[in-house]
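Chemist: The chain contents come next:
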Amino acid sequence: MEKVVEVNFGPQHPSTHGVLRIKVKLDGEIIVDAQPVIGYLHRNAEKLSEMGLYPKALIYMDRLDYVAALNMELGYILSVEKLMDVETPERAQWIRMMMVELNRIASHLVWLGTHGLDMGMLTPFFYCWRERERVLRIFDEITGSRLLYNYFAIGGVYSDVTPKGLEMIKEFVNTFPDRLEEIQSIFQKSYIYAKRAKGVGKLSLEDAIGYGVTGPLLRASGLKWDLRKNQPYLFYDKVNFEVPVYSNGDVYSRFLVRIEEMRQSVRIVKQVLEKLPDGEFYNKKYAKPMLVRMKGNGESYVPTESPKGEFGVYVIGDGSTIPYRVRIRSPSFANLQAVSIMLKGYKIADLTATVSSIDPVFGEVDR
Amino acid sequence: MQEEKGPGPLSGIGGIIKGVWFMFIQGFKPKVTKQVPEEKLEYGHRTTGRVFLNMDACIGCTLCEQICPNGTIRMMTWAYQKPQEFDKKYPNKRQIFPSVDVAICTHCNLCEEICPTGAITLEAEVEEWHMRRENTRYTPPMLGKKESELWGDER
Amino acid sequence: MNLFFFIMSILYGILKFLHWPLWNWYLYGYPAGLWIMYFVDAVIEVILVFAVAMLVVVILVYVFRKYMADIQNRIGPNRLGPWGSLQLIADVFKLIQKQDIIPKNADRIAFRVAPYIIFTPVILGMLVIPFGNVSILQLMVVNFKYTLLFLVAAMVISPLGEVIGGLSSHNKFALYGALRSAAQDIGYEVPMMISVLSLIILAGSYSINDIVNAQKNIPFVIPEILGFIVFFLAMIAKQSIPPFDLPESGSELVSGFSTEYSGMRYGIIYMGNFGFMALASVVVATLYFGGPVGPFFNSVLWIAIKSAVFMIIFLLSWIALGRVRVDQFLNMGWKYLLPLSILNLVISSLIAIYFGGAF
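Protein chains in written order, with my numbering: chain A, 1 to 367; chain B, 1001 to 1155; chain C, 2001 to 2359.
Chain A with its partners taken away, still in its complex shape:
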């Protein structure tokens, strides 16, 4: 008699972070086989981007990883600027760096809260949301939106940082590390969390590299690979920060990596606040009517370090105002492939822990 039960986790499951469906074969409580099924949030972002002008495609990039939208914009904007040889003012670059790091904090806070929920903790979620709300208020002040910004322009940013915005950022940066310490101690010092997370969802370094896993997962598996350090874009080579690396490759290491990354992001934002130069925030050559006349020729790809891993947009231009091909390399998609080897042999309860430790966002996986 067949002992294996096949259960569909998702797409309508409370803890699959959107619309992930995992076909799980269970022997009692133990997972024998797990296959992720994706495609429930497919919105044709690549082809839609190839239908419009270069600046229009930016709003589809926002909707990829909607909790870290500025990181997605950055990947596309850097690629297009390389394609068109656009000169960007220095101040714009620094502002971009600051906003991207703030958005990384917001994204990791979303991860931390939902990770707590998946572990059965109700309350840390609200503390994380409380802190994220402050970041979103800053974005509302500076960019005009809370979630989908459309803020980075080809040749700069659409609006300058206001003095009030700078004040808000300063206040946030000064108070956030203590609050993070509090939230972290709820998780890290608790025996329940440590028992649940340690040795769960293990991913060896060979498997991680073989599956193309990037970002915090790779660093938790023991490889010091951060594109901000290894292939610096923007001005990441002019600021000091460290790349946290842990060797165990389990849920607990990923937790520690992400927490430490938030600290380092705060460090970067502090340095940007000191070094922020005066000047133009937008290259006026590309302003106003030029938005509909920008032409690109050739091909370009700039890899960037998004909160989930390596993100880049491969753009081919054929000399017209419309991109010929836009190919998105999204980190969660690659990271999610490894889920079946991470889950084999563990319990059902570890499924939610492992999936949430990957931090998939399905706008980006399904595109």
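It should be emphasised that the hints constitute simulated quantities derived from the structure, not laboratory data. There are no misleading hints in this set.
Examples of chain A residues toward chain C, derived with CB under 8 Å:
1) Met119
2) Leu122
3) Lys347
4) Ile348
Predicted, not measured: the structure shown is a model, and the values here were computed from it. Glycine residues also receive a C-beta, built at the ideal position from the N, C-alpha and C atoms.
Dock chains B and C against chain A, hints included.
Modeler: Only chains B and C this time, still in chain A's reference frame:
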């Protein structure tokens, strides 16, 4: 490469109690949520709520229609006589103005960025929701008015 | 609900039958009308206890929501009534209005009965708790020799309802919830029974009334600290609230055994959980902290204060803690709680032998 240290059983159980105690203390801290109808939220200087159009400044260049990502803006012919000084400064010979379907607008701000005369703007008109909205495609004169002027104060 | 009252009155009738000398009445030829009166009385008393239990549940749910909101820096329900106190009544009306969905392939009778089985121990348990005296009136519905055994037997019923509900739903998640409930039940019940046994040894009686009276000088938590820890953890597990909410486990199995329940049936399960929380805090306060007996004065106020403290502790545990894995819970139950409770049994036997007069 850092080694990770988890809590042992004793310190871990102490950690559980500490965590519970921390949350118990949080119960006495002030609330952070706001009751929106009573307490108004503050909006930033760029908060995007709805598209507004200053018909006097519009020159009918159709740039906003070209840049709009999802066909929210469509140009329509509208017989409108501008005041004399505006007609000289911002001539609109074809008499075409943008009309906006506010229901599908994604507030991407591109029309405001591209408008050469600053006629089209997005403003923080976000608290005005109405049950009695008969039409979501706003004609150019409707775009110049606030929601309460259009549909009244009844909600 | 009619079925529920019917079952409850029969159970209660049996209970009264046990402690009143009705056999003699029957033998001496009392008329049948007395029997009818007797069951009418039973129904009235059950409805009274039910009303009190519901009141406690309503208050507890309101406190839970507000307190959870406090801890999470939110405001909580505040629209209906003063400080949102009528929100729960609105929710109950909403649940009643909802369509009662029973899955096509479910075992219909078992599916319908299970929520009432979950609610049963709340009322049966409340019947035998001594709430102290108000002047000459003793606030205890039933009193006979073996009330502690009856209480424990009543509290064991609710996991049965979870198992029945989960198995009858014809849903894989519910099935897993039911299996977990069964495994968890075995995991904590044996240590709990042994720690209750050591209470019986210390007090020298099966009656809760005697146990309360034995704690006049020293509450049992001092000689029985290990037993208290075991019993307390078992109570948390029995309510299936975090960290031991394995049968429901909202984020893994969608909602565990109650996945397919909707409308008022879900409402009854929900109220049963809160009712059991009230019962558990009262039981812990009675068995280990002396119930209505306390310093300065003996009254119903003491048991209210003690059980309120335990309710807050249970709520904090619900709000603050994460969930353990099912194998970790079983490990804890069999490897740590069982030896602890046996050690506690030995200690309390020694105390009973050498300092028996103290209690």
